[in-house]
Amino acid sequence: MLIMSDNRPKPSAREGSGAVYLPHWRRRVYTVLGLLLLTGVVVTFATTVGSVQIPFFTTFRILLSQLPLVDITPSWPGTTETIILEIRLPRIILAGLVGAALAMAGATYQGLFRNPLADPYLIGVAQGAALGAVIGFLLPIDSRGWGFGIIPMLAFTGALVSVAIVYSLARVGKVLPVTTLILAGVALGALWGAIVSYLTITSGETMQGILFWLMGSFALSEWSEVRVVLPYVVGGATVILLYSRSLNVMQLDEEQAQQLGINVEKVKLILLIVSTLITAAAVSFVGIIGFVGMIIPHAVRLLWGPDHRFLLPLSLLTGAIFMVIVDLVARTILAPTEIPVGIITAICGVPFFLYVLRRRRTAVFF
Amino acid sequence: MIKLEVENLSLAYGRNVVMKDLNFQVSPGEMVGLIGPNGTGKSTIIKAMSHVIRPHSGKILLDGKNIAEIPRSELARLIGVVPQMPLLPSTFTVFEIVLMGRNPHLGLFQYESARDMDITWQAMEKTATQSLAERRVGELSGGEIQRIVIARVLTQQPKSILLDEPTANLDINHQVEILDLIKGLCREANLSVVITLHDLNLAAQYCDRLILINKGRVHAQGTPGQVISSSNIGEVYGAEDCVYVHPVNGLPIVLVKEGNNQPAGPEDIPGSNITPV
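Residue numbers (my numbering), protein chains in the order written: chain A, 1 to 366; chain B, 1 to 277.
What the hints contain is simulated information worked out from the structure, not anything from laboratory work.
Treat the hints with care, since some could be wrong.
Stated by the list, open to error - DSS-like cross-link-like pairs, simulated, lysine-lysine; straight-line CA separation at most 30 Å:
no.: 1; chain 1: B; residue 1: Lys59; chain 2: B; residue 2: Lys183
no.: 2; chain 1: B; residue 1: Lys20; chain 2: B; residue 2: Lys126
no.: 3; chain 1: B; residue 1: Lys59; chain 2: A; residue 2: Lys174
no.: 4; chain 1: B; residue 1: Lys65; chain 2: A; residue 2: Lys266
no.: 5; chain 1: B; residue 1: Lys47; chain 2: B; residue 2: Lys20
no.: 6; chain 1: B; residue 1: Lys215; chain 2: B; residue 2: Lys59
no.: 7; chain 1: A; residue 1: Lys174; chain 2: B; residue 2: Lys65
no.: 8; chain 1: B; residue 1: Lys47; chain 2: A; residue 2: Lys266
no.: 9; chain 1: B; residue 1: Lys183; chain 2: B; residue 2: Lys3
no.: 10; chain 1: B; residue 1: Lys59; chain 2: A; residue 2: Lys266
no.: 11; chain 1: A; residue 1: Lys266; chain 2: B; residue 2: Lys159
no.: 12; chain 1: B; residue 1: Lys183; chain 2: B; residue 2: Lys159
no.: 13; chain 1: B; residue 1: Lys20; chain 2: A; residue 2: Lys174
no.: 14; chain 1: B; residue 1: Lys47; chain 2: A; residue 2: Lys174
no.: 15; chain 1: B; residue 1: Lys47; chain 2: B; residue 2: Lys215
Bear in mind that the values here come from a model prediction, so they are computed numbers and not experimental data.
The whole structure should be built from the sequences, with the hints applied where relevant.
Shown next, in the form of structure tokens:
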């Protein structure tokens, strides 16, 4: 006990400088590293679970053996390795990437719009993607179910076209008023939604495929999809992180942000483009997974505070962890039947979120 | 130290011109007050001077350089603004809000250094906001928010400060505290200060020069003694015979009484023992 109290930081060290009122960057980096480690553990654990039971340490060693500079003599059958590396791992990595992308985009939109109800789908990305995907389903082209083929490409195009229309509707001269953008996005989204509903109910036998896509699923994920989504998420996240302090200052309001040296219109445009791209890339392959993009940033904000420099990376990691766990539940709980992952995000996520909300109910929410 | 010049400035919202042909200069160490009735465009001038809105015509010069050509972050190191009734995000702590004043001084990936913290802490000491450091903005009063924003502008360490009604929400003791602070900084650090005030008495007491604006045009410009005259106040505000002399320092003061504020009528208002100037 005596030793412990000796190790405690001296309160006089920086007292009177105000530094105690902002968490030191080192402490925050440790939190990020801790979550990164947790992501690794969750991914490894998720890989062990499935119709074929594979022990945790075998999984761990198979994963390790894939890393460069690691030399482990295989003591496991080749089929086990195939199950882990070719079936489970791409799916889990894709789930993590999609969760990360949606949470990151959600946090960015919430910051950009200064609106607690904002999510990545607010300005018409999802509805545009859905319309593109449904058109893909109805085209008389064999696209092998809804694997990598015509559907993701049409969904991606639909998402981008939709946001481009919203943007050009909302823009006034050189200025992009946020409220107009949201209103145009919601209105156009409703229009796409109506068209999607009509096409869905008249689609006949493809209806189940469409419904499954609309609720989101990671079934049939392959490395080829990971390879497409990964650059979007990594590149997009990097760009967004560069502007994270600008996002903090923009929480004041646009006028004050400009007076504090932020080129508001430029930052808005860049962040809008980037978060739209990562959202579109994520939903194009796995469908419209709701809820993650709105709730994860809120939970992170309640737990670790509103500073975007840490809110953004922590949302990214929390989103990835959350999505891997949710997908794990979706594919195991009623195995061999799969439940659309969008249903599980709500069922798992809402209790967790309400718990955090209750625990911190003294804090101001947004 | 920086010289502010406003040259033939006209401002408009759409086609609605709200300010025409404004000309004035502010030297380092000088405090210039913008006064005039509500809706005459005082706040719009502050917005134009911080390049939040573009002038309809004319220009604003900082040491001879047009502010439209200065990048935002550089401009924010030169000019700091205290907006009227600023909106602040309620989840951030007071310390974090004040610290945002360091933004124009930080690079892309830079985290606030111990020096930034010290500057912030000193600014909070000057504005008596240190005790609020950990509070969230949602819990604060209007006057406290006003002081926080002034602390933020001090943290910004600009060469010139523009203030839009900084005392609007404050009690008289805080009004005096804030204006003393601003005046002191203006003199000590040679800042060029432009302040809008609707309180003519505070304006007369604190400003070196006043610009009286009415209906989008300059009505009078000069020392408080020249601008706050019975005729000017009568013409602009319609309040007749209400300018007196401060008993202590001889500056003009404006005192109104019931029924005073009638559009320049022909009859004298009876019942006054003090003779107006």
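Quick rundown of the hints versus the structure:
For the hint linking Lys59 (chain B) to Lys183 (chain B), the alpha-carbon distance of about 26 Å falls within 30 Å, and the restraint holds. Taken as a hint, the Lys20 (chain B) and Lys126 (chain B) pair is broken in the structure, with Cα atoms around 38 Å apart against an allowance of 30 Å. A threshold of 30 Å between alpha carbons decides the hint, and for Lys59 (chain B) with Lys174 (chain A) the separation of about 20 Å falls inside it, so the pair holds. Of the pairs offered as hints, the one joining Lys65 (chain B) and Lys266 (chain A) holds, with about 23 Å between alpha carbons and a cut-off of 30 Å not exceeded.
A C-alpha spacing of about 15 Å is found between Lys47 (chain B) and Lys20 (chain B), which places the hinted pair at or below 30 Å, so the restraint holds. Pair hint Lys215 (chain B) plus Lys59 (chain B) holds up; C-alpha atoms about 20 Å apart against a cutoff of 30 Å. Only pairs whose Cα atoms come within 30 Å are accepted, and Lys174 (chain A) paired with Lys65 (chain B) is accepted, the gap being roughly 24 Å. With a CA separation close to 19 Å, the supplied pair Lys47 (chain B) and Lys266 (chain A) stays within the 30 Å bound.
Distance check on the hinted pair: Lys183 (chain B) and Lys3 (chain B) sit about 17 Å apart at the alpha-carbon level, within 30 Å; holds. For a cut-off of 30 Å, the pair hint linking Lys59 (chain B) to Lys266 (chain A) stands: about 23 Å separates their Cα positions. Only pairs whose Cα atoms come within 30 Å are accepted, and Lys266 (chain A) paired with Lys159 (chain B) is accepted, the gap being roughly 26 Å. A threshold of 30 Å between alpha carbons decides the hint, and for Lys183 (chain B) with Lys159 (chain B) the separation of about 14 Å falls inside it, so the pair holds.
For the proposed pair Lys20 (chain B) and Lys174 (chain A), the alpha carbon gap of about 24 Å is at most 30 Å, so the pair holds. Our distance criterion of 30 Å between C-alpha atoms is met by Lys47 (chain B) and Lys174 (chain A), whose separation comes to about 18 Å. Straight-line distance between C-alpha atoms of Lys47 (chain B) and Lys215 (chain B) comes to about 18 Å, which keeps the hinted pair within the 30 Å bound.
Comparing the model with each earlier hint shows a violation of hint 2 alone; every other hint is respected.
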